[in-house]
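J.: For chain A, the structure is supplied; the task is to place chain B on it using the hints.
As a plain string of letters, each chain reads:
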Amino acid sequence: MSAEIKKKKKKESRFLSTLSRLKKNKMAMAGLIIVCLILLMALFAPLIAPYGYEEQDLAHMFSSPSSDHWMGTDNLGRDIFSRLVYGSRQSLKIGFLSVLMASVIGITLGAIAGYYGGKVDNILMRFLDVFQSVPAMLMSIAIAATLGAGMNNAIVAIGIGTVPIYARMTRAQFLSIRGMEYVEAAVAINAKDPRIIAKHILPNALSPMIVQMTMGVAGAILTAASLSFIGLGAQPPLSEWGAMLSAGRSYIRDYPHLVMFPGITIMITVLSLNMLGDGLRDALDPRLKN
Amino acid sequence: MKKSIAMVLAGVMALSMTACGGGGNTTTAAAGGSGTAAGSTAAAGGSEASGSGENSDRALYVEISSDPGDLTPFGNNGTNPVRIKGQIYERLYEYGYNYEVTPILAESWEQKDSTHWVFHLKEGVKFSNGNDFTASDMLFSMNLCKDGTVMSKKYVEFVDFENTKIIDDHTVEVALTSPDAFFFSGFCGVYMVDEESYNASGDGLASEPIGTGPYKFVEWTTGSSVKLTANENWWGGDVKIKDVVFKVITESSQRSIELETGGVDLVLDLGMADYDRLNESSDYSVLVNDTFRTSSIYFNCSEHSACNSKELRQAIAYAIDANGILTGAYSNFGSIAKSFCNEKMLDYNEAWAANDYYTQNLEKAKELLAASGYDAAKPLSIIVSDDPLQNTMAEIIQAYLSQLGITAEITSYESAVYNNAIDDEAGGWDISFVTLTAPSCQILDICNAFFAEDGINRSCFQNAEFNTLVKKAVVEPDEKVRAEQIDQLVAIVTEDVPAYMMVQTADLYAYNNDLVGFQVWNQTNFQAKDLSFK
Chain A
1 MSAEIKKKKK KESRFLSTLS RLKKNKMAMA GLIIVCLILL MALFAPLIAP YGYEEQDLAH
61 MFSSPSSDHW MGTDNLGRDI FSRLVYGSRQ SLKIGFLSVL MASVIGITLG AIAGYYGGKV
121 DNILMRFLDV FQSVPAMLMS IAIAATLGAG MNNAIVAIGI GTVPIYARMT RAQFLSIRGM
181 EYVEAAVAIN AKDPRIIAKH ILPNALSPMI VQMTMGVAGA ILTAASLSFI GLGAQPPLSE
241 WGAMLSAGRS YIRDYPHLVM FPGITIMITV LSLNMLGDGL RDALDPRLKN
Chain B
1001 MKKSIAMVLA GVMALSMTAC GGGGNTTTAA AGGSGTAAGS TAAAGGSEAS GSGENSDRAL
1061 YVEISSDPGD LTPFGNNGTN PVRIKGQIYE RLYEYGYNYE VTPILAESWE QKDSTHWVFH
1121 LKEGVKFSNG NDFTASDMLF SMNLCKDGTV MSKKYVEFVD FENTKIIDDH TVEVALTSPD
1181 AFFFSGFCGV YMVDEESYNA SGDGLASEPI GTGPYKFVEW TTGSSVKLTA NENWWGGDVK
1241 IKDVVFKVIT ESSQRSIELE TGGVDLVLDL GMADYDRLNE SSDYSVLVND TFRTSSIYFN
1301 CSEHSACNSK ELRQAIAYAI DANGILTGAY SNFGSIAKSF CNEKMLDYNE AWAANDYYTQ
1361 NLEKAKELLA ASGYDAAKPL SIIVSDDPLQ NTMAEIIQAY LSQLGITAEI TSYESAVYNN
1421 AIDDEAGGWD ISFVTLTAPS CQILDICNAF FAEDGINRSC FQNAEFNTLV KKAVVEPDEK
1481 VRAEQIDQLV AIVTEDVPAY MMVQTADLYA YNNDLVGFQV WNQTNFQAKD LSFK
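Listed in order, the protein sequences are those of chains A and B. The first sequence begins at 1 in the numbering used here and counts up one residue at a time. The second sequence begins at 1001 in the numbering used here and counts up one residue at a time.
Derived from the structure by calculation, the hints contain no laboratory data. Positions of the beta carbon are idealized from the N, C-alpha and C atoms, including for glycine.
A short, non-exhaustive set of chain B residues, derived as facing chain A with CB atoms under 10 angstroms: (1) Ser1256; (2) Asp1276; (3) Asn1323; (4) Ser1331; (5) Pro1388; (6) Ser1402; (7) Glu1409; (8) Thr1411; (9) Ser1412; (10) Glu1414.
Looking at chain B on its own, in the form it has when it is part of the complex:
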């Protein structure tokens, strides 16, 4: 009897191991349990209500892949926090559906000369607490950016605050310190914040975000969900869906299960493995959206790494078959990069694709490896975040490098620690992963932001000619001259490979067929205000 019990217990233990997507899943599922039930009930309610045409009582449940971590206006601007903040806060204008410029809180704007822009603000706009949105709030928000994170500083990098002035309650003239090709695309990152609420909050609106957007903040259960409800003060009128609940579902396989069991209505990060099954179902719609992002490996070009050698970086690029990455890691969603730039970028030049961009060539890789003088006895260090995709890519690259006789060791870091690890060029890493894109969708912006000495140059790439050219190009008013400069920049980064572009990625979305109006807003976002249930 005792042995039988032991057998059963051992079986249960093994099964629990299988199911232990574990601690994480259980937590999410438990937290989502109530959400799941609520979602199902609401879904049923929605179906019943479809005849009467009343949908506003049915909440929209949206999957996000991680906890937002920070809902302050200019704190964490990662994909998931922005998906939530994008419903609460508004900007003057945005690159919206199909990446077209869409006025939001700015009625109109004009560029007076190369260093002066005038913005006319919408009248009658109120924050969710009832305060009026005025020009002074805009100026206050710009100042918050200036004193904020590395990213938010970029939004107002060239703004001349001393000469920027409020003309009237709804007109602001923004002065620039010098002409900037990316002022307009960068400036759209500035969320408009209520000065009074911000100063009164004491925590930078972290616990209770207040914006002018169609939804207002209700509740945030860390690691579980964020609830929003319609902002009755919204200038755009009533929204069709009153309540929106973002549910954190970290486990990729769990997301489609939640969709199929009615736990969520919209999955913003569908796992590639789930595409076929949902696509074949008549109950769900699946959207594959080619992005502006390029999945790349990022070399540590500093003196602390063997990848300081250009020849070694080139050898590694030649050793990798981007098709293998596309197939093995991305299940063929997306396409291989044919140049140092995603072909959707607005300043992309098709001529770049005519040249060979590190098509796998082991012979050439071996020659370059020999020329680099790399001591194969010392292994290379690949660092990855806890993202399974990065881990898969690292394993594939590890196998490719072994064909050159290079041993690569993979070290996995928790996401937050990973960013710190990349920032520490002396920390022992040689290769990391980065997905490159820019708000402006321009390669020049990527060069400026990620590889110029004044940018977020985590690869510690140093090339004097490149730095000089970038500085010239970003203030160059003549488009033809700028295009030539960009050509030269692309040639330099292609030759020097501070990063090797592998796959132009695609995002997968899935939603219930009774959800109407879903489109990708900007690059990875959506607008709950435009959605409704059938």
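Here chain A stands alone, though its shape is the one from the complex:
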């Protein structure tokens, strides 16, 4: 009983110390707050958006920002603010799910390669070498073009394209932790490999992963925007920030608000996630700071 309490306290203290370090980083906190706000916006989109994202009003195309339409309307008279609010659902969905997919596959492969080493490591890493030799964006485009346009395929394309990053990081962590005394102790008491990997090594290797995942969401949102920009991401009438940029680019000279607001939204989201990721890295491993 007392051992459990101690373990819990230990975990809490680690979490609290990380949080307290994070709190001291104003930029990271600003990033966290903005990310939370964007998440809330996505969650409560129907309550926040004054219009439907697909609601067309051909009598009011290209309206400038006004009290009726805070960010104006697009080429089909759709409210840009409402489309941005609903668009956060698509952009965040792509961002989080693709990172989740990439990290699950990448961490599993990296853990196997790092723990077992030898031929397994060699085969997996050479396979990932080949995979990584293709630029991530090109890989995503190739996969999305093969699977076809659409949200789910974009998630798969971005996810698969970033698997090597997580695999390599996990492998590197495993290689350094593999030789620690507590791992050797676990091996000595005949603990099974999956238990050693999951209980002893993985928790101690996760810190850089968390940072990478936070940054990865930002990267995935940008890649998704790029895919939508070239027509391989979200399909109409779904609103997605990159797709909004793409649709508005023909009118950039006369109606810049069509691209300005989606562009700013992408910028703020990516910036916030990067600031948060940067702060998390400092908080999780203070030695890295400066």
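T.: Relative to the frame of chain A, chain B by itself:
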């Protein structure tokens, strides 16, 4: 410091997203970069030279919206390749300015009877390589058409090659297998090709087109530009502008920018969003040209699609407000179609417009939808090419269909793949887009080419009465009888709606005010030989 850099980098990333008209733009701009500079220099040179009256050294830079893809004489006959090929190759005659028949390599012609035509060719015409153009080249070109693409086969569809004969070096008698109302309008599609060069080229003149036209081919940088220079062997004498460079500018908004920055002198595909700004400027002229084309939705009438049901097609037509398409997609350039036919068509009958042509009526649409037995749980598939205009139309139609409770899914294809997708009626598509027109500018030609069972019937429209009537009408010598038959054909396609005509389109052109002589040749082309700089 690190965070500041991160902020700046993130900002740059977001801005680069905004500007990433992206990869495509950069490629075009980079390739056009040298062209832009050259264009500007040349433009300056042109202005300086205006006093001396020497313009031939200033190159003409012309925008085209896509790479021609194929410059073989009878390969891709899309708008952009034809704009280039039209300067290199020549035909016997063409529908030229104001769509008037203009003799080119044919001095004259006469129709001996309903199945025999005699063409007298111009003498002294040489190809750009110096070879003489003779009757045997004409016959060779006709044979190339016969063995060419689906489109080129149409040019000589009714030609009786066994009985077509060369009378002398400059006279050919063309025999037809049966009377054909569209022989003359179709036959004008045949470019005259040098037999010797074609046989020697090994690639069907793809890498080095050789024709009798005012310009000859110099260089083609795929995806970037095509350069032509004056053909010193041209029978028409010297042209005023020696060099013509076609610059590929795929991004609509970039075209007007190129014009304003001196990168091009002539924009053949001006974006509708740029019209007002250029029109208000005193430096440029903008031309709005009503076309013979009608922007339409094309139904998959095969058994593989729910649109096999006539009632469903009618319901969809009644659900759509063509005014919405005109406003939302075409920025009010053009006009709504009042019948199954563009009113500029030569055999257009004003009486057709007196009848209601699917004016939006949601009540009627709902009744027809119920009668069609369509299962609304199954979404309809709209396929579009990567053309933004088609995407916009698809989104508007998607919204109209939602008012009937129909869910429509939009799938976008790259242009080349799009055509293959339409050809595959079992591929899962229900609605696509097509712009209908015909070289003859006759509705009968459209019926024959796009909806008859022997035509390019991508909609898989089947109506026995229609097929019989089309066959009769195209060989009917009596114009009055043919007009009655066309009336019946229009009634059938209006009732059966294999395609729903929405907007009679208009093309927008813009050019520098120092460019003189620009007019639209044929439907979407121009003649560089008739242009000069002030």
